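Visitor: Chains as they are written, first to last, in this note's numbering: chain A, 1 to 612; chain B, 613 to 963.
The hints are simulated quantities; they were obtained by calculation from the structure and are not laboratory data. Since we're looking at a predicted model, the values are computed, not measured. Fair warning: there could be bad hints in the mix.
Said to hold, decoys possible - Calculated cross-link-like contacts (lysine-lysine; reagent style DSBU-like; alpha-carbon spacing at most 35 Å): (1) K197/A / K386/A; (2) K511/A / K776/B; (3) K328/A / K251/A; (4) K511/A / K884/B; (5) K511/A / K683/B; (6) K446/A / K774/B; (7) K618/B / K511/A; (8) K386/A / K26/A; (9) K618/B / K489/A; (10) K328/A / K776/B.
What the hints assert, rightly or not - Chain B side only, calculated, beta carbon under 8 Å to chain A, not exhaustive: (11) V621; (12) A647; (13) G650; (14) G803.
Unchecked claim - Far from chain A by the CB rule (all over 12 Å, computed), these chain B residues: (15) R636; (16) L645; (17) G648; (18) G708; (19) N713; (20) G901; (21) E911; (22) H930.
Positions of the beta carbon are idealized from the N, C-alpha and C atoms, including for glycine.
One letter stands for each residue in the lines below.
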Amino acid sequence: MSADELLEPKAGVPSTDVSDPQYFHKVVDCQYACPTHTPVPEYIRLIAQRRYTEAFLLNWESNVFPGILGRTCDRPCEPACRRGRIDEKPVAICRLKRVAADYKGEVERYIPGAPAEKNGKRVALVGGGPASLTVARDLVPLGYTCVLFDKDPCGGGLMRTNIPSFRLPEDVLDEEVDRIVGMGVETRFGETVESLKALLDEDYDAVFIGTGAPRGKDLQVPGREEAAEHIHIGIDWLTSVAFAHVGEIGKNVIVIGGGNTAMDCCRSALRLGGQDVRVTVRSPRADMKASDWEIEEAELEGVPIFDNHNPKRFVVEDGVLCAVVFEKMRAEYSDTGRRTLTPTGEEVTFPCDDVLMAIGQDNAFPWIERDIGLEFDEWGMPVVDKTTFQSTLPNVFFGGDAAWGPENIITAVAHGHQAAISIDLMCRRLSLTERPQPGTNLMSQKMGIHEWSYDNNWSDHRRVPVPHQDLKLALTDLSVEVELGYDDKLAVQEAERCLNCDIQTVFIGNKCIECDACMDICPVDCINFIPNDAEDALRQSLRVPAVNVEQDLYVSDPLRTGRVMVKDEDVCLHCGLCAERCPTSAWDMAKYTYVEAQASPVCTLHNRAEFL
Amino acid sequence: MTYMTKPSVRHPALRQNDLGLTRRDYEGVISTLCAGCGHDSVTAAIIEACFELSLPAHRLAKLSGIGCSSKTTNYFLNRSHGFNSVHGRMAAIATGANLANRDLVYLGVSGDGDTASIGLGQFCHAVRRQVNMVYIVENNGTYGLTKGQFSATNDRESRSKKGKDNLFEAIDLCAMAIQLGAGFVARGFSGDREQLVPLIKAAINYDGFALLDIISPCVTFNNHVASTKSYDYIRDHSEAVGGLDFVPPEAEIEVDYEEGASTSITLHDGSKLELSKLSDGYDPRDGHGAIDVIRRQYEQGNVVTGLLYVREDVDDLHARLNTPSQALNALPESDLCPGQVALEAINETMR
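Only chain A is shown next, with the shape it has when bound in the complex:
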């Protein structure tokens, strides 16, 4: 090819703007998927270096409850993990978080407290769960007076009442709740807020409502009334168990429902005297809402799951519940994937002493007057702005399950952060829609010709299973934690599986001599030098077609030959071999730090280069 034959730069995908804070953020799949954007690879590296205290603090800044979430998180990060697209299973991000919490050293001196001089603003927090506690944590260091109301005698909300202690030990919960309360939160535990109007009449600048979705759904089928004594609403029953108001259950127990509450119910029942405990679900097993690992744990403990079983009636003899009759269902899927469940006509009867009903939760706001200017929609849910978390009453905010229905703890924490930002902006009379921007930094990790400040070697290890307590022992006592957690050696082994996706491949086109070295060395063939084209065509023309459209293409400016460098981010190992084999340093491996904005910058203090 002669000079005049060099390709004319072809129109196609515009070159990637890596200065957009979201571009590299999206490459860090786990952090991007985490509602609070916890810097996962960074804390995993700290764990690999046995720097547990730092790893804990990084977590605490983002997700506030590392010890609790390290045991109970819904883990949106793990299905997103890049490793899961290359290897059999993703990195055990959640359980590594627990390692940080388990082995941390003294952290209290790094926890910010209330300033000596308060700012004179008062915020009421209704409901003592993760959302309210997060608001308090973010606002107390700024000088706000936070008053936390909960009907129960201690804080924690559903983390205390609905998660059994064999999954989340009480001391772990107490430690993390107390850490926030200890920052200087005024608590009104055991106090039920009966009227929002009355609360607003008190001297509060803002009210945050984080009361969760406290009403368990019921099922009205024949026999329900007569058998009421032995039919329990799952979350209410779990609360009674948590506060030791209930200490036993019948031998034969049927749990109705297929979510995580159902799993907690059946496993709790096993520990309170249940001998034949069964879970029944209306839908096929594959459609169950419970997390796979929760189902797995229940089955490991010997609970069978009967899917396609729809409860039809409760059988009562002599005024006592003795069985449940189910009709079997068949699931059919339309072309659009829409499911319909139709009865097969077959009926089965399971004898039982008790039934636990875990078929969902609803919100309930009987204490909010409907005539105070706070609008509710047709489903009885408050009208809440998705960005500001503000209701139609400007000084009332919602978050957690109370805002849009049941989600999970980590989402509640994310809501809390955003609501805290809004409350702070409002109290400072600033616009709530102009949100503070994330802090970002991009720093080369090159230490020498073949030296990087991170361990770039690929580990072949499979996901390390978490050691469990002996099953017999675990089943004897509600308070014996089932999972023992990783020890330090297992933790390092698992940490080594992390691909360090926050160490970005940064391409500097004007240094490139198009020698193809990076393209050839890349173990997963994600680098290409080709003529630009429309995105669909470009994706097809790569060495391995980029079919995962959720993952971006990194496209350079036109190079000397008129071609462009196109990198498919999908399965990049972040091993840095492209940068090692580049003769001109056109590739660099640079650590991308993304710090989600919070109301109090004090709380993200450790997320900085000098600390890490």
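Take the given structure of chain A and dock chain B to it, following the hints.
Guide: Just chain B, lined up with the frame of chain A:
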């Protein structure tokens, strides 16, 4: 070079060839050459070509001499046979091996020092004997391993990295091979993979001596502004004589060539070389014409690339020597050692 081994993990959707192998299965150990070396790109092109041809690795022998280029046989097809010979003697080893076992594909990788200096005599005789092999010269015009002296293929006009003039004429291996009777002569550029891979595939399938002179820039000693073998210089001065598509025997020709714009050459095994977009009346079957174009373009500072010369009617060394049609290791003992009676019959003819 790198201290980390290339992770064994591969893209889950990596394409497989007819043998069910991926491109990764044709790799060797990680290269210890300088980062950005053209030779690594040639290595990748060889891997690509062998993968696409679905070559079983154990049916190929890779041979080399001494030099940066000769190290590269370790970087591809690590399940093939191999022989790393003394300096400049690869051609002789290949000749011997080929005579003993004609069933293997012989892929020789050499450099401009190993071929045009110490091994020039060996090279010439392998060409004129028409050894059935692919002879790749990774030509960077410099002695990289001994820190950048001019090699015999360095152009007269070029200068060293430190500014010294090259005082001697360059050997053009392609022109020389045509003159010595080679059947297949091509020139490629390590930076043009699209052109290079079909050339390698065609050379492998060619029965007879196939020379591939590949300009392969030395990033460390000969990739500067006064070099005529740098990435930039070759990109600016290469003149392709035409495009080449290699079409395996059983495959349909997919590309629709314009009438008269393409020339088709059928090889012994029925595979076809489809030559397209040939520059003004260029005929790769005309040796005189080829040498003429090479010389004229050279005088203008240009480098001609592509399939420069091909003959369909060559007899390889085995045909000329009338050797058995089987590899020696496949001959039955009765043929290899026919016994006293046969020996006496032979002796009788010499009395």
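Visitor: Next, verify each hint and record whether it holds.
Guide: Hint check:
1. K197/A / K386/A: Holds. K197/A to K386/A sits at ~24 Å (cutoff 35 Å).
2. K511/A / K776/B: Cα-Cα ~27 Å, so holds.
3. K328/A / K251/A: Judged against 35 Å, a Cα distance of about 24 Å means the pair holds.
4. K511/A / K884/B: Violated - the C-alpha atoms of K884/B and K511/A are around 40 Å apart, more than 35 Å.
5. K511/A / K683/B: holds, 28 Å
6. K446/A / K774/B: Holds. K446/A to K774/B sits at ~29 Å (cutoff 35 Å).
7. K618/B / K511/A: Answer holds: K618/B to K511/A is near 24 Å, not above 35 Å.
8. K386/A / K26/A: It holds: about 21 Å lies between the C-alpha atoms, which stays within 35 Å.
9. K618/B / K489/A: holds, 25 Å
10. K328/A / K776/B: violated, 90 Å
11. V621: At 6 Å from the nearest chain A Cβ, V621/B passes the 8 Å test, so the hint holds.
12. A647: holds, 5 Å
13. G650: Since chain A brings a Cβ to about 7 Å from G650/B, closer than 8 Å, the hint holds.
14. G803: holds, 6 Å
15. R636: Non-interface label on R636/B violated, nearest chain A Cβ at 8 Å vs cutoff 12 Å.
16. L645: violated, 10 Å
17. G648: violated, 3 Å
18. G708: At about 32 Å from chain A, G708/B clears the 12 Å cut-off, so the statement holds.
19. N713: holds, 31 Å
20. G901: holds, 20 Å
21. E911: holds, 16 Å
22. H930: holds, 35 Å
Violated hints, listed in ascending order, are 4, 10, 15, 16, 17; each of the other numbered hints is respected by the structure.
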